[in-house]
Structure formats: C-alpha cells, structure tokens
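Q: Generate coordinates for the entire structure from the input sequences, incorporating the hints supplied.
Number of protein chains: 2
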Amino acid sequence: MSKWIWYQGDFEIYHSMKQNFDREERGGMWPAYWYTSGWNHNVVFSKVYELTEPQNFNLVFQGHGYVKITELATAKESKFPLDATINCPAGQVKIEISVGNLSGLPCIYVMGKKINSDSDWLVTNFIGDAISVGCSSMFVNKEQNPMVFEYQHELRQANKVEHVNGGTLFDFGHDITAQVIVQYERKFTPITLCYGESKTEALDVEACYLKHNINTPANDKFGQYDTKKLAFKTRLRAFRYLFLPNLDTNGVLQITADYQFVPFPQKGYFTSVDQQLNQIWQVADRTFRLCSGNFFIDGIKRDRWVWSGDAFQSYFINQYDFFDKEIVKRTILGLRGELEVKQHLNTIVDYSMYWIISIELYYQTFADKEFVRQTYPKMKALLDYCLAQTNNLGFILGRSGDWIYIDWADFDHAGALCAEQILLARALQSMIRVEKILGKATTETETRYQKLRANIDRYFWDADKQAYIDSYESGKRNVTRHANIFAILFGYTTEEQTKEIVTHVIQNSQVPQINTPYFKFWELEVLAQTGQFKNVLQQIKNYWGGMLENGATTFWEYFDPTEQGAAKYAMYGDKYGKSLCHAWGASPIYLIGRYLMGVEPTSPGYQTFKVTPQVELFQNVDCAFPLNEAGDSVQIKTTATTLAVLATKAGGTLIYQGKQIELPPNQQVTVTL
Amino acid sequence: MSKWIWYQGDFEIYHSMKQNFDREERGGMWPAYWYTSGWNHNVVFSKVYELTEPQNFNLVFQGHGYVKITELATAKESKFPLDATINCPAGQVKIEISVGNLSGLPCIYVMGKKINSDSDWLVTNFIGDAISVGCSSMFVNKEQNPMVFEYQHELRQANKVEHVNGGTLFDFGHDITAQVIVQYERKFTPITLCYGESKTEALDVEACYLKHNINTPANDKFGQYDTKKLAFKTRLRAFRYLFLPNLDTNGVLQITADYQFVPFPQKGYFTSVDQQLNQIWQVADRTFRLCSGNFFIDGIKRDRWVWSGDAFQSYFINQYDFFDKEIVKRTILGLRGELEVKQHLNTIVDYSMYWIISIELYYQTFADKEFVRQTYPKMKALLDYCLAQTNNLGFILGRSGDWIYIDWADFDHAGALCAEQILLARALQSMIRVEKILGKATTETETRYQKLRANIDRYFWDADKQAYIDSYESGKRNVTRHANIFAILFGYTTEEQTKEIVTHVIQNSQVPQINTPYFKFWELEVLAQTGQFKNVLQQIKNYWGGMLENGATTFWEYFDPTEQGAAKYAMYGDKYGKSLCHAWGASPIYLIGRYLMGVEPTSPGYQTFKVTPQVELFQNVDCAFPLNEAGDSVQIKTTATTLAVLATKAGGTLIYQGKQIELPPNQQVTVTL
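Residue numbers (the working numbering), protein chains in the order written: chain A, 18 to 690; chain B, 18 to 690.
No wet-lab data here; the hints were simulated from the structure.
The structure presented is a predicted model; accordingly, all values stated were derived computationally and were not measured.
Every residue, glycine too, gets a C-beta built ideally from N, C-alpha and C.
Just to be clear, a hint being listed does not mean it is correct.
[Claimed, not checked] Derived CB-CB ranges, DEER-like:
#  : chain 1 : residue 1 : chain 2 : residue 2 : range
1  : B       : P71       : A       : G590      : 18 to 28 angstroms
2  : A       : A471      : B       : L68       : 42 to 52 angstroms
3  : B       : D146      : A       : R203      : 56 to 66 angstroms
4  : A       : R475      : B       : G145      : 49 to 59 angstroms
5  : A       : M588      : B       : Q109      : 45 to 55 angstroms
6  : B       : D419      : A       : A471      : 22 to 32 angstroms
7  : A       : F507      : B       : E490      : 46 to 56 angstroms
8  : B       : N162      : A       : Q296      : 32 to 42 angstroms
9  : A       : R203      : B       : N162      : 36 to 46 angstroms
10 : B       : N162      : A       : N104      : 38 to 48 angstroms
A: Listed below in structure tokens is the structure:
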C-alpha cells in the first residue's frame, strides 16, 4: 500500500502554521504572536529498487518537478514528467523525484505494482544526507491532499431552540467545533450569528467573541454561499450557543452544525458509585477530545494555538485516555518547527525545556526509538540554543525577547530564576536518557547536569526557610511554590527535603497559593506523589465539581467559585476572554489514571508496568487504561470486598497494601479487600 | 502616495523561489537543485504617528490578521479587522498590523489621508528588533498583488511563416520570452508546439527542449483554453521559432506571441563606423534585456535560474547599459535568501564570495548606503559561514556538499585551491570597505585579510614558474590561468608580478586556454587592465562577431567556431542543451564601456568619475553611458580629428594621452586628436 510522503517533519510545520493562523476574534484573524517556522519548498525523494523485471508506475503530487531514473549498473539516466506513466527498467535502479512547491507542501504518492511511496523512501532538502521521509497512516489514498487535514463530520441539530430578546437562541448542549450551515427556506435574508460558549456570551450581541454578519453572502470572507441550494456555510468555529438577534427563524431558515472532529478511540474509562466523579471524567474526556485534532491545542474558541506548555500536559492526559501516538508526534514536530532554532518555543524559555523533556516521556510511553532517533537533531539543536544562554554556574538566563514564564505568579525575577534552572536540569536529564537510548556519548551532558544540580542546591536551597528560593541575587530570598513543586516532582529532593518542603511550602498558607489550573496540575501531582491521595480526590471534586455546579459541559481554562454572573466568563481583560473548553481542564483523567488508580509504565512502552490503585477512596470502581497502541489495557474493578485487575498483556504488577502481585496476561487477578 | 510593504528581503526570496522553480524541460518542470530559502509567513508592520486630528484609513492585504492601535498617552488599545474602515484617534498613536499568510507573502497597502504604507514603516518577524520594511517603486497601486511580478506585454506576429516538413514554422526574428496564443479559426484541433531557439531545434520534433502537445485543452497543465474565444494560451517560454508539425495552419489557426519583458530604459548606447561592432553592441543589449526581468537570470530557455556567478557579471553589464538599481537589489536579495545561511549560494563556495563582493560594488556604483546598511547582517552571516570553514592559515576548504567551482577547468584540487583563496581575500576586502562605510570596527577583518594575503603569496606564488599555482599540497605545482587572472584583477600583484604573469601565464600557450565565456570575461578584463585594448577589441570582434556570422540574433552561452551543424546547439550532453540567449554573452557592453571607452566611477555613485577612451581604435564613435539613476550620462563622440565629451553632471575627468581634463557639467569638452 502506498502512502503520501513529504520531508520529515514538514507536514507538521505546515499544519501548525495553519493552526496557529486560525484564531478569530471579533471579525479579525489573529495569527500567533511568535516566529513561525517555514517548511521546505524544494525536495528530492528517492529510493533504490532491485527489479527483476520492468515496472510501470504513476504519481499523484502537490507541486511540480520531474522523475529521474538512474540504472546503477550503467549510470544511464532518464527523466520523466511527474504526470507521465513511467516505465522503470529492470535491474538496480535509483528513482529520484524532484518536487518544488512555492505555496504549499511538496509531497507525492507513488503507485505501482512494486514501486510505491512509503516510509522506506528517503528525502533531501539539498542540505546534508538524505533522511527518512515523513508519512502518516491518515494519508494513504491518492485522492487525498496532505495540505488538508481530514476531520470526521457529523451534522448536529440544536438540542434546544428558544426565542429570547426578540431573536432565536440555539443550544447544542455543549461546546463543539463546527461550521454552521444556514439553510434558507425561501430566500436569502441578512442575518447575524452571535456565537457563545455560554448563553450569556451568545446573547451579548455587542461583545460576544465571535460574530458573523452575513450581508453579501457571495463575497463573504468567512463562508461560502450556495445560491442554488440557498445555503450559507460559515468557517469553522467553536461554540455551544448560537443567537440570531431580531429574528424568529421559523419559516425563514434552519440551522445545522457540521461538527468536525478526529475520532480518537475510547480507550480509558472510569466509573464508580460517585456520580459527580463519573461526570467529571466524562466532561474531562469530552473537553480533551474537543481540544485534540491535528494537534493538541489549548482551547477551542481561543487561542486555538499549539502551545508547548499546554501540549506537555496533554501528552500526560492522552496517555490515560485515547493513547494516540500520532497526535503526540504531530504536536511535538509542529511545535518545534525547522531544525535551526530562531526563538524559544512560543517565545517562552520554559516551553523549550518542556519540549525537550517531552521526547524522553514520549519514549517512556511509546517505546518508539525510531521517532526519537529522527527527532534527536532537533532536540540537540534546541538544547544547544538553551545552553548558549547559560552563565558560568550553568544557570539559564533570558535573552532579549525571551519570556521566562513558569507561571502567572509574583516571582522574584532578579538574575537566574530557580524554577527555570530546575526545568533545565530536567531537560539535561532527558537529553542524557535519550543519548543513552541512541547509544550516544553522554559525558558532556552528565557533567553539565551534575554541575547544575549542585549549583541549584548551593545557590537556591535555603536551609532556614527549608525551601528553594526564587532568586539568590536580589537578597530577598522570596519563596514561591513553583520551584519547590518541580524539585519534588523531578525527584531532586532528599526525603528530608521533601518533608520540609511539604511542611514549609505546600502546606504553608503564608506562601502564595497556586492560582492557575496549569500549575495546579503539578501541585496535585506533588500531593499525590507525597501520598495525599484523599486530598487530591477532594480537590478534584471541589474544583471540577464546582465547574459542573456552574453548568459546565466542558472544563474551563480557569475557575474561581467566587466569580458570579458574567464575570465568570471574563479573562485577560476581555469580557468573554475565558476559554470554556480548555485542554488542561481535562487533567482529572491523568490524576485519576496515574495516581488514584496508579497505572504507570516502569519500562518504556509499558513493557513492564505497575498498578497501585487507592481502592479505599472509591466504591464499585470500573475503569480501564490503555497500555499501548495495539489495544492492550488494564482493567480495574472493585466491589465492597474485592479488587479485580485484568491486564491483556504481560509485564504488569499489582501493588496492594505493599504487596507486589504479578498480573499474568488475560487473567483476572482478584484480591480480597 | 502609498506603497505595498512586506518584510524586508522577502519579496525577493518569494520571487526567486518562483523563478528558480520555473525551468521546464521536455514536459517536466525542473526546480533548481539547491536549498531554497523560505520567507516569513507571519509578520507585524508598525509605525508611530502624531495626529492632530482623527484619521480614517483602509487596507488592502495578502494574508489575514488584524490592526491594533495603541494611543501612547493612555496605552489604550483597539483592535480592528483588516477589512474595516479604521478610525484612528488623534494624538501619538502606534499602528500595528499583524499579517499571517500560509501560502504566500504577507503584505499590505495602507491608504489614508495621512496614514499610508511606505518605506518609513517597520516590520518584525518576532525575532529581534523591528527593521525597515521592504517595498518597491513597481508596487504602488492597491490593485496590484506583490506576489505577481508585472511584465509589460507586447503582442508579436512571426516575421516569417514557412511550410516545412509537412508542418508550419514561425520565425519571430530573435529569441523572446512569451506566452503563445493559438487562435483557432473554427474549432479546436489537437496540435503540437515545438519550440526552438534555432530552426534546427524547432524542426526536431523528437528532441526539441520545449514541446507542448495540446490535446485536452481544458485540462492542460501548461496553458489555459478559452472555449468561447477558441483561444489557447500557453505558459511563458523562450523561443525564436515555433514549429507545428503535420499541419498547414492556414485557415486552421493563428499564432501570436504575447512577449513579456521589463521595459528597462535605454541609457547606454554605442555606435561607430564598424558595423559589426555596432551589431555586437545591439545584439548584446537585446540579449541582456531578455535575461533581465525580476532578476538577472542566466539564460531565457535554460536554466531560467538566478545564479550568483552569472548575476555578478550582469551587475557589471547593467552599469553600462540600463543602470537599473532595483534589479540589482532584487537579485542580491533573491540570491541570498533568509538571514541564516544553510548552504553556499547555489551550493558553490565561490558564488557566496561573489555575493559578498557584490555589496561593495553595489555601493561603488549606486552610493546607496541604506541598502548596504540593511543588507549588512546577511553579508556578515555569509562571511562568518565562509570563515567557519577556514583552516589555521586562513584558507577556505570545501565542506561535504560544497562545490569549489571557479570554472570548468582541470584544477589541481588537492587541499586549498589558490583561486578560491584569492576570492576570499577579495571578499574580506569588500567586508572591510563595507564596515568602514557603516562606521564599524574593521580590525578583526583586516587582520584576517592581511594574514590570508601573506599566506597566499607564501604558499601559492611560485617564483620559478612566475605564477600562482593551484595547490601547494599535492606537490604538482600545476598552473592554470584562473588564480593569476584574479590576482591581477583584484590588484594583488606587484608591477613585477603582473608582468611575469602576463608573460608566463596569459601569453603562454602551454597554460591551458580559458574555455568558458564566463572566465573569458575576467581574462579580457585583465588584458584591458594591462593595456592590451586592441587585443580585447579583436577578441570581441572574433568571438562575438563569429556568433553573428553563425546567424546569432542573441548571444550564446558558449561559442566554438569549429562546431558545425546541429553540434552547435548541444551542451551538457543534451542535443539542445546550449542556451542561445545567455546573459554573460552580453559582456561586450561592459568591456566597451568600462575599458574601450574607459568610463569608471572613482568614488561611490560616480560623484567623481573618469573617462579614458581608446579613441585610436575606433572611427566616428557616438556613445553614451549612464552615471546615475537620475539620468545623468557621459557622451563620447569622435571624428577623424576630434574627441568630444559631454557629461551632464560634475565630477568627471577626461584622460587623454596622459592628460587629465576636467569635464564641467553640461559643457562639451573637445580635444583635437
């Protein structure tokens, strides 16, 4: 079977640019505010074949160019147009296909009996040696165009139609990403579509984030009008509600949503007698699926961008939900861009580091050495870019234009920031592990790592405060939670230090609380890692349960129970700036799977894994989590008296009350509680 | 007046990619075989205005994005869609216009009473500080699209139509670059168009380089069919002849050529009593104009690519012909691509060096400091890329994938090649001069330059052979002309050395002759610089006159008078591989203007200049050469007894028989011979 092939990584660069240019706000488009990497426009694909008899083949292609066949025995060359039926002679032949594409992605699909484009082909952009091509299991038909990512479509009608404020309000039940189809019944009438993730937003005709005045449909830049069918179809947008002001749509028009999504499989699930928790799982799962398409994006209304920090958490969630390797690869490559580094990912220094760490975690999850090998040059170039801005202590400092972010918090930013150094140490550690996987020398990286770890403790650990401080340069010795959370998470603290940090930072109300859901994710992990499972569960029920009580049908970017009325929807100084369907809102999936049910790979790709469920916290659990892409999973069920665990593959160990119990494949292990 | 604006240098990168993808050969397209630099897809344009009253403005744009206006006194921000009529408040305001363009060049055209896009705007790609935008005097109307370069059109009929070999042959008199319009008289009929730069090629239905079978015109990838008008229009191709085999076109169809060109002004001209020389000038001028469009390309049939070496010679010719600054700038920027260097220009190390030198020569010709200032970062990055591959003697060595070319000649390539080192020295010298122009420190570059010059003489000058040798590593002490020609041309030889080289290399028939017109250009310069004007003139008349005798109506890539019949048109192993309209074929324009008429700037931009005509070689000369873009020129006329020189600007000095005679502006100076 043939596959579409392109320059490795360029499909993702092309589509991440498309994705990052896709944000809309109040009639304007908002391309992401960072340097946007380009793809290769001019490449040559090649493969050597040994043919016992002549072979015909044809191509489908995007761009233009030619085919060159070299008979290696005689060095005889022949050239053909791309659209010819090509007869390739027998013998050892090298097929080279040159393709340039000014406006898009050069890619080809080669069809023959023996000669077919697939992952064995090589490609060059004329720099260095040829490398393996990029391809995807989603692009295997000649009718496809790799420049168009393919979503599944589902036509949806509103659950509820109301007449409000002199207009008509359509409620689709929960957020979806869809093109709106306006089917006029008799004739075109100018209308306004007011979109809302909340009812409040949709009814706010003046201030809603997305609004579309359809007046001259033939020239509308945001949609197409089919004059014969009297149907107008808008561009893709995210919404739960649609409000058409000053119009009773009855007898005038019908509204349908063409909902578009990637049908990721249902692999992880969780139920128990706690209906609120079940609902949290389900809404988290819905939220996460909506934010997962070609890439993991932050939110579906806004920004619709691929952010390295947000994606990093999505990788964790994916592992316990649909376990899709391809979206992780696409997101990693889309974020990183071309080989040469011109700017930190999304301009944020920490986001570059998350990306480096993600390669190690990718390997731990999927045991895909080939992808790690392919991506290593980009990993190395990014780490080198980071190391070029370290001082003689090994500490990383921001350059002009860099954003040392970590979190929205009141850090003491004088000189090197502690949390940033801990992330850098973790990134170096990822590099060491990846270099070991690939059989490369690690001495230099190890030396840097050890030096950095020693200097972090020497300069940032405050024995009096029993905590890491933000900055040693200012003399203020300010303590925030972030560096301390990272230090525990990454296993950089002694048992003693961990206890000290838990007491003097985590449980210390004098230290400012984490106030973003993003960092709340890491804080809850620390609580779980320090055994505070009940606390974690309670926080999940409070925070995410609180959103449900506020009518959430997808999880929000941020939730503050004290916010009332329209204030709930405001953020970043914008009345409807808050995203109500935000990927990191789905973190209960990870927290439940990884900590409360305790499923964790102990070697790459779950060759071995452990299951440490906190059974006493739940009643009548029935849940399962994926173990690989092949469909293996581990199922955990409890009754009042039993814990039953069934893994479909070998390598598992159940840990219950300190006892290690082997999990034989396809054989349920039942423990009496 | 408004101008279209874009990211500085990106118009040229975009269009050079388009140009380098434009080669066609026997039904296939042939994108250039080197790394093709991308342009910025995501940029922000900005300008600060002080407005005494509110101002409306509108935009035309390619891409999508938004406008942000910040009132600087209050930091109040407002955002608008790009297609809105924007009311900008009074006071000090910063206008920022964000534009992303996935498939093309992000660019805008801003129209208001006071607020207009022009060269004062800044632009950023989110890396480093904002820089000046790019713009062009060719793109000043809102109806234009900077992604489409605009040529002037002229419909041409064949000079002669013949019935040959059962088909019809159209002869357009000389090569043109045109779209062919096939106007059917009654109904569509399948036809084949066989193109030829020569009659031989056009009539060779099997082997001609460009051929177009028009069978299913509605789906033809190389043309458009207007079914109503019964007219088929092909893509742009270069040809003198068109042959339609097996068809008497009478009553069936009519052929028209839609000739496309840039109307560069006629600034330089030359006539004398020598009709052959006059014709050489005219055919050289035609050749050069045909090869000059958006960029200086090598040839019009083949390659149609922008080559740094070829362009370098075109800069010299341009200076004595149409003196167009804009095409030089476009070519310099198009060749160089993005800031980061990934590969030598056209993969050739020498071509990177020519590019660096071209910046100095550009300044010497046009005195345009702003362009030099803008281009300096790209110059520095390229020189650094070269210096990174030098050894401890300062010699440059090729890296894997680099091409150390110089010329098609049998060099001794062991270790460092002498000619390459001399070019590097010249490039360092250009850098020093540019750094001085820009007021930058030159110490480091000077040190490198001095060391390199000393080592060239130490390692490559052979006192016995009285010549520079190719290589000192092999021990072969092989002498070719190239390094010796460069050494004299760049003024690196003592008077003594020059004499020795002239005797032992230039006039030594044992040293292999130069056999490419490209290097012949430099050799003729050396002859001229060493006072052998008569020899130069004779060689011009022999070589170029020889082509005229062979029926040339444009000058060829290469001419060997011993080649007979179809062999005249073969090159690179291709029966019709030779280009019959090739830019470097126009070098008589430069040789006549610069040496035989002796017009030369002695300070940047011809602020001062000298005129040293070799009057004794000619009779009744009437010629003129441009002195700047403003239209100033110097005219030289001779009779049997007088030499009359008229310069329209001050600063000129006539040198005749060793005497220096000032040329007052607009005042003819007459010397009795």
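Q: If a hint holds in the structure, say so; if it doesn't, say that too.
A: Results for each hint:
1. B/P71 / A/G590: 18 to 28 angstroms: Distance hint for B/P71, A/G590 holds at roughly 24 angstroms.
2. A/A471 / B/L68: 42 to 52 angstroms: About 58 angstroms separates the Cβ atoms of A/A471 and B/L68, which means 42 to 52 angstroms is violated.
3. B/D146 / A/R203: 56 to 66 angstroms: Given range 56 to 66 angstroms: holds, Cβ gap about 58 angstroms.
4. A/R475 / B/G145: 49 to 59 angstroms: violated (35 angstroms)
5. A/M588 / B/Q109: 45 to 55 angstroms: violated (30 angstroms)
6. B/D419 / A/A471: 22 to 32 angstroms: violated (43 angstroms)
7. A/F507 / B/E490: 46 to 56 angstroms: holds (53 angstroms)
8. B/N162 / A/Q296: 32 to 42 angstroms: Cβ of B/N162 to Cβ of A/Q296: about 53 angstroms, so the range 32 to 42 angstroms is violated.
9. A/R203 / B/N162: 36 to 46 angstroms: The hint (36 to 46 angstroms, Cβ to Cβ) holds, given that A/R203 and B/N162 are roughly 39 angstroms apart.
10. B/N162 / A/N104: 38 to 48 angstroms: 42 angstroms Cβ-Cβ, so the 38 to 48 angstroms window holds.
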